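Student: Each chain, written out:
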Amino acid sequence: MARVDTRLPLDVGPETTTAAAPAGGRGALGRLPWPSFLIIVGMLLVALGAPLLAPHSATEQSLPDKLQPPAWQDGGSTRHLLGTDLLGRDVLSRLIYGARVSLTVAAAALLAGGGIGLAVGIVSGYAGGRLDSLLMRVVDATLTFPTILIALLLAVSLGQGLRTMVIAITLILWARFARVVRGEVLTVKGRDFVALARVHGCSHVRIMAMHILPNVTNTFMVLLSLHIGFVILVEASLSFLGAGIPPPTPSWGQMVADGRGQIASAWWLSFLPGVAILLVVLAFNLFGDWLRDWLDPRLRQQL
Amino acid sequence: MSAGPVLLELRDLHAHLSTRWGVVRAVDGVSLTVREGETLGLVGESGCGKTMTALSILRLLPQPAGRIVAGQILLEGEDLVPKSERQMRRIRGRRISMILQDPQTSLNPVFSVGNQLVEALRVHRAGPRRRLRALAQEALRQVRVAAPAQRLRDFPHQMSGGMKQRVVGAIAVSGPPRVLIADEPTTALDVTIQLQYLTLLEEIQERTRLAMLFITHDFGIVARICDRVAVMYAGRIVESGPTRELFAAPRHPYTQALMAAVPRMDESVERLPAIDGQPPALQRLPPGCRFAPRCRHADDRCQREYPAVFAVGREHEAACWRAESSPSR
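Residue numbers (our numbering), protein chains in the order written: chain Y, 1 to 303; chain U, 1001 to 1329.
What the hints contain is simulated information worked out from the structure, not anything from laboratory work. Check the hints yourself; a few may be wrong.
[As the list claims (entries may be wrong)] What follows is a set of in silico ranges between Cβ atoms, one per label pair, in the way DEER data are often shown:
| id | chain 1 | residue 1 | chain 2 | residue 2 | range |
| --- | --- | --- | --- | --- | --- |
| 1 | U | 1022 | Y | 131 | 34 to 42 Å |
| 2 | U | 1138 | Y | 203 | 25 to 33 Å |
| 3 | U | 1278 | Y | 143 | 54 to 62 Å |
| 4 | Y | 217 | U | 1138 | 25 to 33 Å |
All of these numbers come straight from a predicted model, not from anything done at the bench. For glycine and all other residues, C-beta sits at the position ideal for the given N, C-alpha and C.
This is chain Y alone, in the form it adopts within the complex:
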């Protein structure tokens, strides 16, 4: 073998030129999906400040005022900006309080279902073998149940209510999370840094927590944000079917269902809560897209 001077000056060459510092958070913020971000923040504020913001009680009936159209229509008044329903309740106030229900259900179900799914997915994917097969068959079984059916069954057996709703959605949700997270774990697990962590003396638990988890957090956050919309839809569907939050607590799905009979004469009853659902679900989905890019260190600089 030809001997050349091997004492190359190691710290010269193009690869060692100091990279320009990344542009920091400003660039990323600049690309924030403002419309969806505003809708989300708005909804949070509305849900938190419902008692302050709502012009009327959400449950108090007033039959003389029933079926008033929104303020901008003939016969509408500024007392009820978005009109009233069949029992004379203020639609705007009900929408505002309905945001609370939707967000509470979404937060609780995602926390529980997402958390369980994340844990199961990581353990299943990392352990592999029999445990993996077993857990994934359970996931398969869970996913084959129609969502609505589980919820209806639970509503019948446990009784209607917020708690039942959260349990029902959690039962559906965890399997979806576990499936996707496990897939991610399988690709992460095969990379050398996991092997090197073992070589360096890390325990399995530490590897799962320090190496696997941060690498699937990205996917997990996106799943979360995308499923907020899903949960709100499921909650709305269940309430629509009468298996959700019992009246008189306002929920958007319930409002759509209640207004169905009057769709020809009082369009605002179903249409307005429908628009609320649409905006919020869309906002969370767009936000999820942005979040995915922002969480990826390789893409962050380009944003």
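On the provided structure of chain Y, position chain U as indicated by the hints.
Tutor: Chain U only, in chain Y's frame:
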């Protein structure tokens, strides 16, 4: 390089993998020694058991298929085979470390380089974060990364392959280990960076006097960095000796054939000689010499009986019946 006491010794190590197609005898009676400050090259073609030998040493054979069935792994005289997983965790990284082939996936993409170095340091020593940060910076400087303070903040994707592999090296020697296993650490690097990296490894070795087991199939690298070489074929070491001597006078027909297949810069040839046939399947090994089916010199005895190991020179041994009859120099 002058060699000190034996740091790592394998004695008749057997490691098996149970697969759907039968028991694969991946490591089948390997014995070798590596001394302080010495580099032993482990060469052989793909699938001959080099990496499995390395994983056996760390007790990280693929689970649940892999198992050490016999033999001893002596690290500074202490047998690792009966050690529990908990005990092994304290040995890995601290006393034996390893560098893998592909720098692209050897670092965790979601953490900055500094974070990962600090994590590696923290596994084996306590201290305030700022102190560990300073140690990490020093570790980067030692692997000749320019502007280490800035580099600590970089993410792996912001670095080139060569630089990533240097960071991996810095993590590997952060223990600091007594034995370093390098499993084809330069295969994924281009040749100029390879040379830099080998020089760097030599520097680290000179400084820390660690024993290095260097797995490769590149004879050029062996000639460049290894003090001694062990040639592996089908789970066994067929020949070992000082690099210079083994290169000058290979005694095992397999080594001879491998050497003949290395292209030379001072001769031009139409075709490089190749070894006919395939290595034997490791779940159905022939009773005699494993190389016999492909060997030009094989006779009846080679087919029947596995050859004993014969000394053919100072520290130079070959497992071939022909080495018995031919007088050693």
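Student: For every hint, state whether the structure bears it out.
Tutor: Do the hints match the structure? See the list:
1. U:1022 x Y:131: 34 to 42 Å: Since residue 1022 (chain U) and residue 131 (chain Y) have Cβ atoms about 25 Å apart, the given range 34 to 42 Å is violated.
2. U:1138 x Y:203: 25 to 33 Å: holds (27 Å)
3. U:1278 x Y:143: 54 to 62 Å: violated (45 Å)
4. Y:217 x U:1138: 25 to 33 Å: holds (31 Å)
Hint compliance for this structure: hints 1 and 3 are not met, and every other hint is.
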